[in-house]
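Trainee: Letter by letter, the chains look like this.
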Amino acid sequence: MASPVKKISKERKFWLKVDCELIVYGATEPDAKVTVQDRAIKLRPDGTFTLRFALPDGKQFIPVKAVSSDDIEERTITPIVSRETKSSSFIREKV
Amino acid sequence: MNKGYLCLILHGHLPYVRHPEHEDFLEEDWLYEAITETYIPLISVFQGLVNDKIDFRLTMTLSPTLISMLNNPLLQERYVKHINKLIELLHKEIERTAWLPQFQSLAIMYLNEFCKARDTFEKYGRNLVNAFKNLQDLGKLEIVTCAATHGYFPLMDVCRESIRAQVKVAVSHYESVFGRRPRGIWLPECGYHPGHDEILKECGIRYFFSDSHGVLHGTPRPKYGVFAPVYCKGTGVACFGRDLESSKQVWSSIEGYPGDYDYREFYRDVGFDLEFDYIKPYIHPDGVRINTGIKYYRITGQENHKEPYIPQRAKEKAAQHAGNFMFNRQKQIEYLNDFMHKNPILVAPYDAELFGHWWYEGPQWLDFLIRKISCDQDEIRLITPSEYLAENPRNQVITPSLSSWGWKGYSEMWLQGSNDWIYRHLHIASGRMTELVKTNSDVNGLQKRALNQALRELLLAQSSDWAFIMGTGTHTSYAIRRTKDHLLRFTRLYEEIKSNSVDEEWLSDIEYKDDLFPNIDYRVHQ
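Line by line, the protein sequences are chains L and G.
Position one of the first sequence corresponds to residue 1 (the working numbering), numbered consecutively onward.
Position one of the second sequence corresponds to residue 1 (the working numbering), numbered consecutively onward.
To be clear, the hints were calculated from the coordinates, so they are not data collected in a lab.
Keep in mind it's a predicted model, so treat the numbers as computed, not measured.
Think of the CB as a built atom: it goes at the ideal place given N, C-alpha and C, for glycine as much as any other residue.
Take these hints with a grain of salt, some might be off.
Counterexamples of contact, computed for chain G against chain L with all Cβ distances above 10 Å [unchecked claim]:
| id | residue |
| --- | --- |
| 1 | R118 |
| 2 | A319 |
| 3 | N328 |
| 4 | N392 |
| 5 | E435 |
| 6 | V443 |
Using C-beta positions, here's what the derived DEER-type ranges look like [as the list claims (entries may be wrong)]:
| id | chain 1 | residue 1 | chain 2 | residue 2 | range |
| --- | --- | --- | --- | --- | --- |
| 7 | G | T476 | L | D19 | 27 to 37 Å |
| 8 | G | D515 | L | P56 | 48 to 58 Å |
| 9 | L | C20 | G | D420 | 42 to 52 Å |
Build the full structure now, drawing on both the sequences and the hints.
Mentor: Written out as structure tokens, the structure reads:
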């Protein structure tokens, strides 16, 4: 006789979906020039900024560079973020 | 050498959904999605063919409800707001997908498409009917009409006055929009009932379409099957039967082209896939997730796992499928031509919204097909029904049989357990409308306004879309609500007209809400 549990498992529609995003945010002088990964970004009037990225598996280096409006001073901060996704699944036997 | 004809028909229709009483209304998105994904891509394809001097013929229905929505200033304004919001989302998406180049290139592709859609919409003065009209005036497109609100005729046979009203309102609406009378009609859901051709004849309609079995089961049997039109006995109105083979290649979910694994997956949309707070400004204000039209995956296979969409690969597949479709039609025509004493015609009708909305690559496929037919062969000629009848005026006379398209082919999609309750109410309302016309043949002022509105409400209640939606089991609450709302408004009007006590304030309110067919004359319902 076939296992009733296996039969049920074929008909089940249970599912799970997980994804990750990364929010990079910060602040500087409102008139500074800012780049993230070498791409210029727009600051809010108060000098703050927020960027949102879909985060794939692997390591991301995210250099954030700000240059003062008179081009004299420069600051760089580089968050390094890595994502590794593992998954497993099993079907519990009904008691 | 020309051996036969291909008559491609796109049936463009949406039910009348316009809710000025709400700032944002979920079901109005049906129109906005169709504008971006179907009507504008089709206009671009047709315009490209004209620019490249490719001679083509295509037949298209623009249903009166669809035209009324495309013409409507409120919906036009709301569409611009809708597309602008999606363009804003796409700018965010390009930034968000910076580390996922396959998705980022798709976000850029959609941004270009949506900006182009907005430009095209503005170019035609926000009224896409102008674009289709231009193509008709150029002789490339033949626009046929449809029932006023897409009423399903075989189930309205008990009250032919309503069928007459559906056709007459449609014809006069067409005339006011296109400046000429329609030559043909798309009977909603291909629903034909013997005798309805008398009403078509009375309204100056020369031809209609039926599903294959409408012609094949006619009396007497048609000599050439569906490969030549027939004239209805007694009226001479021509009936073109659908060719099953060419339909199946596009329609079938199993064998049809749209299911190819390289094509875009419809059911994976960022409106459902992305994090709630991020997507919230772009879905329904109540938090109900909706399709945005931004879809990053290809069908991939039967399983839930989906791979990123690759536009170039899909485009190559569309070209290949167009070639395959043309090859099959050539073989079909060669075979038929051998034993028919005239050139066969293959009638291939599809819902316009299949192209672009459901089948994203559909407009590309159509573009490739028309170009290949024009440049790569000389056996098949694209033709419209009017041209065919002008060139081939001698056709067999039969009485086509009762038939529809859709599930089982005999009305069942529109008459089943979930929707059968509507008909007794619709039939009583039809009878009451006839009674109102008989007893108020010449009235003016408020009574006349109320009578005209009563006909609008009745027509809106008769839309086959409500029964169809109830039958499919999705959005049923809206379909039920619409049926009840229009019937209740009609009933109140009936009672107020009979007692000569029309509430003007309420009448003005429903005239504002259900505002289509401004020149309607209630006396057509007889």
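Trainee: May I ask you to check that N392(G) keeps its beta-carbon over 10 Å from the closest beta-carbon of chain L?
Mentor: holds (54 Å)
Trainee: Is the Cβ of R118(G) farther than 10 Å from every Cβ of chain L?
Mentor: holds (23 Å)
Trainee: At the C-beta level, are C20(L) and D420(G) separated by a distance inside 42 to 52 Å?
Mentor: Distance hint for C20(L), D420(G) holds at roughly 50 Å.
Trainee: Verify this label for me: V443(G) is non-interface relative to chain L, using a Cβ-Cβ cutoff of 10 Å.
Mentor: Answer for V443(G): holds, closest chain L Cβ roughly 59 Å.
Trainee: For N328(G), is the shortest beta carbon distance to chain L beyond 10 Å?
Mentor: holds (37 Å)
Trainee: Non-interface claim for E435(G): all C-beta distances to chain L beyond 10 Å?
Mentor: holds (52 Å)
Trainee: Using the beta carbons of T476(G) and D19(L), state whether their distance is inside 27 to 37 Å or not.
Mentor: Given range 27 to 37 Å: holds, Cβ gap about 32 Å.
Trainee: Given the hint of 48 to 58 Å, is the C-beta distance from D515(G) to P56(L) inside that range or not?
Mentor: Between D515(G) and P56(L), where Cβ atoms are some 50 Å apart, the hint holds.
Trainee: A319(G): least C-beta distance to chain L exceeds 10 Å?
Mentor: Non-interface label stands for A319(G): nearest chain L Cβ at 32 Å, farther than 10 Å.
Checked against the numbered hints given earlier, this structure breaks none of them.
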